[in-house]
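Numbering follows UniProt numbering, in which position 580 of the sequence shown is assigned residue number 580; successive positions increment by one, without gaps.
Heads up, some of the hints might be wrong.
[Claimed, not checked] Capping the alpha-carbon separation at 35 Å, the derived lysine-lysine pairs in DSBU-like fashion look like this:
#	residue 1	residue 2
1	123	107
2	457	397
3	372	457
4	360	288
5	107	445
6	397	445
7	183	457
8	490	372
9	397	288
10	288	322
11	325	288
[Said to hold, decoys possible] Pairwise CB distance ranges (calculated):
#	residue 1	residue 2	range
12	179	116	45 to 51 Å
13	354	503	37 to 43 Å
14	372	147	43 to 49 Å
No wet-lab data here; the hints were simulated from the structure. Cβ atoms here follow ideal geometry from the backbone N, Cα and C, with glycine treated the same way.
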Amino acid sequence: MSSKKSALTSEIITQATKQSFIKLDPRIMVRNPIMFVVEIGFIITLFLVFVPDAFGGAVSTGFNLAVAFILLFTVLFANFAEALAEGRGKAQADSLKKSKKEITANKLSGTTVKQIPSTDLRKGDLVIVSQGEMIPGDGEVIEGLASVDESAITGESAPVIKEAGGDFSSVTGGTKVISDRIKVRITSDPGESFLDRMISLVEGAKRQKTPNEIALNTVLVSLTIIFLIVVIALPFFAEYLDITLEVPVLIALLVCLIPTTIGGLLSAIGIAGMDRVTQFNVLAMSGKAVEASGDINTIILDKTGTITYGNRMASEFIPVGKHSKQDVAAWAALSSVQDETPEGRSVLELLNQQSITYDKAIIDGSDFVEFKAETRMSGMDLPDGRQIRKGAVDAVKQWVSGQGGFIPDDLQANSNAIASAGGTPLAVAVDQTIYGLIYLKDTVKPGMRERFEQMRKMGIKTIMCTGDNPLTAATIAAEAGVDDFIAESKPEDKIAVIRREQAEGKLVAMTGDGTNDAPALAQADVGIAMNSGTVAAKEAANMVDLDSDPSKIIEVVSIGKQLLMTRGALTTFSIANDIAKYFAIIPAMFMVAIPEMEVLNVMRLHSPLSAILSALIFNAVIIPLLIPLAMKGVKYKPMSSSQLLSRNLIVYGLGGVIVPFVGIKLIDLIVQFWV
């Protein structure tokens with residue numbers, strides 16, 4: 001789902017044009033009260049075209065027809081803006097639906113495999129997916145490791161590795177296994193998959209209005225009611241001045257004065273905001289989440305898989321005491337031969353890279369000792385009685401000491417050196433002897449420091465949460481450039497820091513990918529889960545990053561701010577517009593009866609009728625002219641609130657006053673020949 005997929009095509013424009021007319025249905029229009037008022041005005045003036053004296057009026061049929069025509073196009077332009085924004089979302093949904101074709105699933109029943117349609121799968125079913133086959137539904141890899149093509153979901157051609165256990169076991173229906181074979185447990189019923197949710201969410205028509213949007217809509221409706229009362233009162237005032245104001249004139253005046261510009265673009269702005277997030281391969285579960293991201297004060301980031309790559313990889317063998325590097329490497333390899341964890345495999349890969357050999361024959365008939373949280377060690381029990389252990393330094397020290405072994409003097413110093421460099425030390429021991437350390441390194445992702453510096457300029461505080469010891473956490477935090485960190489963090493610690501920030505009145509965002517991140521993702525105002533993460537994390541969050549790039553939070557925050565700025569800027573422009581139109585039209589209407597108002601007719605409009613028509617035409621034309629801005633959004637640049645307010649008032653406030661004066665005068669110069 002790159003930005004190219006969201007580009008406006010002739011097909012989208014054609015469909016939006018059709019929808020502009022379909023949306024004229026009053027049952028649809030009533031959802032937008034401002035434009036509904038315009039539509040009612042169109043119906044009344046169209047009626048007066050055929051029955052011009054229905055209200056005892058004396059305005060020409062040509063004027064009535066012109067007003068009806070302009071009002072119709074005002075509504076159509078507003079509908080077109082909304083339909084255009086919806087069309088881009090629906091185009092993305094259609095591309096996703098193509099990946100929802102019928103897939104055959106290899107369902108595992110006991111020891112037999114049976115082919116069934118993927119639609120017959122239920123939550124808890126086990127399936128086997130081999131090379132070249134499509135994954136039939138959302139699930140968790142419970143056995144095996146495979147390279148998966150997720151381009152149907154993310155738009156990225158690079159495959160990702162999915163494996164049993166850990167935070168990279170989640171798979172999505174509709175993606176394709178391109179190597180190896182995996183066993184998957186289905187985690188969703190038909191119609192409830194991640195892909196189904198994506199399709200329904202990216203279709204703009206199903207978008208719910210956000211609280212800010214509802215509040216603004218209420219303000220706009222209130223302004224409409226106020227102007228409606230003013231226009232209804234005008235005939236009585238005009239009668240006192242011996243001036244006759246015809247119904248079409250009053251309707252045109254009302255439409256010119258109510259906030260039709262922002263009323264016609266408001267829905268399009270919201271839909272386009274969600275669409276822009278989707279262009280960055282971030283799936284927002286609601287418009288509220290996008291808006292909230294624009295007001296974020298604090299971001300909590302999980303270190304593993306978010307700031308760093310996640311899989312700790314063996315990068316060096318460090319001997320202790322009088323032992324050699326060859327000794328450490330050989331025993332580390334023997335303890336890792338049957339270790340299927342990423343760390344275990346990385347030990348063997350490092351040996352191959354350094355061309356170090358070891359005697360594999362001595363492990364024939366040995367028993368592999370799996371890692372356990374209680375012991376924090378794994379290893380191998382050899383047939384000759386020797387025991388090899390690999391694990392946390394303090395756990396290995398305790399194990400060796402329990403057998404009466406000796407702890408090398410330089411063990412702790414080397415261990416601290418690894419930790420202070422941001423790595424994780426694993427001790428390697430055989431019976432009563434510790435041979436050395438394996439240096440596991442978790443690398444900070446490129447560009448993170450620059451990203452966090454950008455956040456700082458936005459006034460956003462970054463806090464890293466990690467289960468590492470304080471020394472390792474401090475090193476990673478310094479390398480990444482975060483503002484603060486929490487070491488030895490547990491799931492409840494993440495929730496605690498989020499609640500603490502929220503108690504201070506701050507909006508908090510959280511990124512994560514593991515099951516242990518799920519409670520914090522749910523607690524945060526904006527929770528962004530990595531698509532490579534677990535099902536629990538994705539279900540708890542209100543945004544999912546399909547590229548699993550945590551640094552993308554910058555774009556999400558920028559889009560949120562851009563959405564709020566666009567709405568604020570166009571609202572400012574619209575209200576300024578209405579004020580300008582008010583002072584442009586009213587003097588022209590009443591200067592005949594009140595000659596003193598001639599001084600306010602600064603534009604020297606030709607006549608009351610030409611003033612009304614010119615303002616009405618301008619009112620209709622300005623909506624399509626602003627559609628590109630509503631769709632693209634006002635460009636966001638990090639600045640203070642006062643600077644932002646000043647910029648909006650100058651650019652959109654002052655611009656909203658000047659543009660109508662210029663536009664209406666130019667239109668009046670043309671219209672005066674027909675009125």
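Looking at the structure, which of the earlier hints fail to hold?
Violated hints: 2, 3, 4, 5, 7, 9, 10, 11, 12, 13 and 14; rest satisfied.
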